[in-house]
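*Asks:* Sequence:
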Amino acid sequence: MRETPRFCRVDAVVATAWVAAFAVAAVSLALVLAAAPHATTLVIVIKALSSALPAGSTAWKRAWRALTRES
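Residue numbers (this note's numbering): 2 to 72.
Read the hints as simulated data drawn from the structure, not as lab findings. Everything numeric in this text was worked out from a predicted model, so none of it was measured. Hints may be right or wrong, so weigh each one.
Stated by the list, open to error - Cβ-Cβ distance ranges computed for the label pairs, FRET-style: (1) Ala-21 <-> Leu-43: 13 to 23 angstroms; (2) Pro-6 <-> Ser-58: 18 to 28 angstroms; (3) Ala-67 <-> Thr-41: 32 to 42 angstroms; (4) Val-46 <-> Thr-69: 15 to 25 angstroms; (5) Thr-41 <-> Thr-69: 37 to 47 angstroms.
The beta carbon of each residue, even a glycine, is placed where N, CA and C say it ideally should be.
Using the sequences and the hints, build the whole thing.
*Replies:* Right, here's the structure in full:
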């Protein structure tokens, strides 16, 4: 299963989503910490969203694939 083209494509898309989320989080955190070093709440929100959004996207794709799979 792990060597099929479909698996490799899905794996690449999921990995890209995680990398993009962490890159956006890193830039956002750098900007926030440079502008307002004591903005703890905003830092926590950025960190939480940088994990929750790609995780939710991954879960949604799995659910959608399961729902649309032919019997």
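*Asks:* State for each hint whether it applies.
*Replies:* Checked hints:
Separated by about 20 angstroms at the C-beta atoms, Ala-21 and Leu-43 satisfy the suggested range of 13 to 23 angstroms. Judged by the Cβ atoms, the range 18 to 28 angstroms given for Pro-6 and Ser-58 holds: they are separated by roughly 21 angstroms. A hinted range of 32 to 42 angstroms for the beta carbons of Ala-67 and Thr-41 is consistent with their spacing of about 39 angstroms. One distance hint, 15 to 25 angstroms for the beta-carbon pair Val-46 and Thr-69, is violated here, with the actual separation near 33 angstroms.
Thr-41 and Thr-69 have their C-beta atoms about 42 angstroms apart, which keeps the hinted 37 to 47 angstroms range intact.
In this structure, the one hint that does not hold is number 4.
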